[in-house]
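Make the full structure from the sequences, and use the hints.
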Amino acid sequence: MNLQIQIDSKNNLSIVHLSGEIDVYTAPKLKEALLPLTKTHNGLVEVDLEKVSYMDSTGLGVFINALKLSTEHDCKLRLVNLQDRVLRLFQITGLHEIMDLNSTIRGVDE
Amino acid sequence: MESFDFIEMKFPAKPEYVGVIRLSVSGIASRMGFTYEDIDDLKVSISEAVTNVVNHAYDCKENGEVTIGFGVYEDRLEVMVADYGESFDLEKVKAEIGPYEQSESIESLREGGFGLFLISTLMDKVEINNNSGVIVLMTKYLEKLGVGFNDDHVSTK
Numbered sequence: 001m002n003l004q005i006q007i008d009s010k011n012n013l014s015i016v017h018l019s020g021e022i023d024v025y026t027a028p029k030l031k032e033a034l035l036p037l038t039k040t041h042n043g044l045v046e047v048d049l050e051k052v053s054y055m056d057s058t059g060l061g062v063f064i065n066a067l068k069l070s071t072e073h074d075c076k077l078r079l080v081n082l083q084d085r086v087l088r089l090f091q092i093t094g095l096h097e098i099m100d101l102n103s104t105i106r107g108v109d110e
Numbered sequence: 001m002e003s004f005d006f007i008e009m010k011f012p013a014k015p016e017y018v019g020v021i022r023l024s025v026s027g028i029a030s031r032m033g034f035t036y037e038d039i040d041d042l043k044v045s046i047s048e049a050v051t052n053v054v055n056h057a058y059d060c061k062e063n064g065e066v067t068i069g070f071g072v073y074e075d076r077l078e079v080m081v082a083d084y085g086e087s088f089d090l091e092k093v094k095a096e097i098g099p100y101e102q103s104e105s106i107e108s109l110r111e112g113g114f115g116l117f118l119i120s121t122l123m124d125k126v127e128i129n130n131n132s133g134v135i136v137l138m139t140k141y142l143e144k145l146g147v148g149f150n151d152d153h154v155s156t157k
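Just so you know, the protein sequences line up as chains A and B, in that order.
The opening position of the first sequence corresponds to residue 1 in the UniProt record's numbering, with each subsequent residue numbered one higher.
The opening position of the second sequence corresponds to residue 1 in the UniProt record's numbering, with each subsequent residue numbered one higher.
These are computed hints drawn from the structure, not numbers from a lab.
If you're wondering where the values come from, they're calculated on a predicted model, not measured in any experiment.
Accuracy of the hints is not assured; some may be wrong.
Covered by chain B, according to a simulated footprint, are these stretches of chain A (three or more residues, beta-carbon under 8 Å) [unchecked claim]:
1) 9 to 22
2) 85 to 92
Listed below are the simulated BS3-like cross-link pairs for lysine-lysine, each with C-alpha atoms no more than 25 Å apart in a straight line [claimed, not checked]:
3) 10(B) to 61(B)
4) 29(A) to 14(B)
5) 39(A) to 29(A)
6) 61(B) to 14(B)
7) 92(B) to 125(B)
8) 76(A) to 51(A)
9) 94(B) to 10(B)
10) 29(A) to 61(B)
11) 29(A) to 76(A)
12) 61(B) to 31(A)
13) 31(A) to 14(B)
14) 10(A) to 31(A)
Glycine included, C-beta positions come from ideal geometry on N, C-alpha and C.
Spelled out as structure tokens, the structure:
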């Protein structure tokens, strides 16, 4: 019931590997790690959610926040490898239309 | 009257207990035979309701408590989340409860305001009692035939 955050940065590219659960307890930690990265001018921040087993609206809030900041700083934010339960939250709320969610999504029924 | 088991739990209204509350609902729902997908919906819904209480307690600098009630019925699970530490007076809660009106569109929802919207989407019924403190009552029905989960379909029964 925690969240591990590992950041690999090279030049303007940052890859953020998340593992665990994103909720009201872990969201502040994610925010603290992610938001500064989205202020990289002309940068790209890729968030790998493959090992995120649980997320709720507090997680959506952090990513909306990150998207706003990255837009302000001409930085790109992309979320990749979402588990279908996590992806579903973006779809229900319509956020999949404004966020860059990479298509390498596992286990989605067509 | 319809028979049911009632379980009540009380937690400090702190972020670190939301995950524990999720485990509780997961255990109860799994015992009842809910599908994996429905259990996930229940986990998100209860977390959203508890998160509202936790954030409110934090804003008000209170050392508040959150009370969770589970009504385990033959065909459904009722989950109550109250933003105070007293026990539920079930008849009173039910008598004073009303439907949750979804008046805000997604576009107008501010960041972090998705909680109740998600609950109303993921649960079969959501009611709110706003009398003394706030109680959210959420209901999820058991699907008897174990109908497959369809990713782009949201149940509206």
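task: Run the structure past the numbered hints and jot down the numbers of the failing ones, going up.
output: 1
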